[in-house]
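Asks: Sequence:
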Amino acid sequence: MNFLLILLQAAESEGGWMSMLPLFLILVVFYFFFIRPQTKKNKEQRKFREALKKGDKVVTIGGVNGKVAEIKEKTIVLDCGNNIKLNIEKNAIVMDSSSVGQQK
104 MNFLLILLQA AESEGGWMSM LPLFLILVVF YFFFIRPQTK KNKEQRKFRE
154 ALKKGDKVVT IGGVNGKVAE IKEKTIVLDC GNNIKLNIEK NAIVMDSSSV
204 GQQK
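For the sequence shown, our numbering begins at 104 and goes up steadily by one.
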């Protein structure tokens with residue numbers, strides 16, 4: 104009789120990892136649909152910022168358009184026309200202004 108109770112308890116505990124399978128699948132889906140694309144996008148933006156050079160036309164996070172006048176270690180001097188120059192952090196530069204019309 105005790106042997107049957109031990110077998111029943113063992114059978115109940117074997118299903119433990121099967122109940123965790125849906126949670127694991129959800130985590131995998133989140134990784135491939137949310138986390139991985141975001142890291143790819145961040146990597147592309149980092150490459151874009153590193154490749155900036157004087158004279159490039161860019162757009163900032165706030166929508167300011169301008170031409171790169173000077174590049175410093177962490178900031179960029181942006182020439183917005185009419186002798187207006189703004190010091191902006193490199194992280195605030197989002198994209199090349201020529202690609203603004205192409206995105207939807």
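It should be emphasised that the hints constitute simulated quantities derived from the structure, not laboratory data.
All C-beta atoms, glycine included, are put in the ideal place defined by N, C-alpha and C.
A hint or two may mislead.
Computed list of lysine-lysine pairs in DSSO-like fashion (alpha-carbon distance at most 27 Å, straight line) [claimed, not checked]:
1) 177 - 150
2) 157 - 193
3) 177 - 160
4) 150 - 193
5) 157 - 175
6) 143 - 188
7) 175 - 144
8) 188 - 177
9) 193 - 144
10) 193 - 170
11) 170 - 156
12) 177 - 144
13) 160 - 175
14) 170 - 150
DEER-style ranges, computed between Cβ atoms [stated by the list, open to error]:
15) 185 - 125: 23 to 29 Å
16) 201 - 180: 17 to 23 Å
17) 201 - 129: 38 to 44 Å
18) 121 - 160: 54 to 60 Å
19) 133 - 153: 38 to 44 Å
Asks: Against each hint, give a clear statement of whether it holds in the structure.
Replies: Consistency of the hints with the structure:
1. 177 - 150: Holds - the C-alpha atoms of residue 150 and residue 177 are around 15 Å apart, at most 27 Å.
2. 157 - 193: OK: residue 157 and residue 193 at ~13 Å, within 27 Å.
3. 177 - 160: Distance of about 18 Å is within 27 Å: holds.
4. 150 - 193: 12 Å, holds
5. 157 - 175: 11 Å, holds
6. 143 - 188: Distance ~32 Å between residue 143 and residue 188 Cα, so the pair is violated.
7. 175 - 144: 24 Å, holds
8. 188 - 177: 16 Å, holds
9. 193 - 144: 16 Å, holds
10. 193 - 170: 13 Å, holds
11. 170 - 156: 10 Å, holds
12. 177 - 144: Holds, at roughly 20 Å.
13. 160 - 175: 16 Å, holds
14. 170 - 150: 18 Å, holds
15. 185 - 125: 23 to 29 Å: Cβ of residue 185 to Cβ of residue 125: about 60 Å, so the range 23 to 29 Å is violated.
16. 201 - 180: 17 to 23 Å: 20 Å, holds
17. 201 - 129: 38 to 44 Å: At 40 Å between Cβs, range holds.
18. 121 - 160: 54 to 60 Å: 56 Å, holds
19. 133 - 153: 38 to 44 Å: 29 Å, violated
Violated hints, in rising order: 6, 15 and 19; the structure is consistent with all others.
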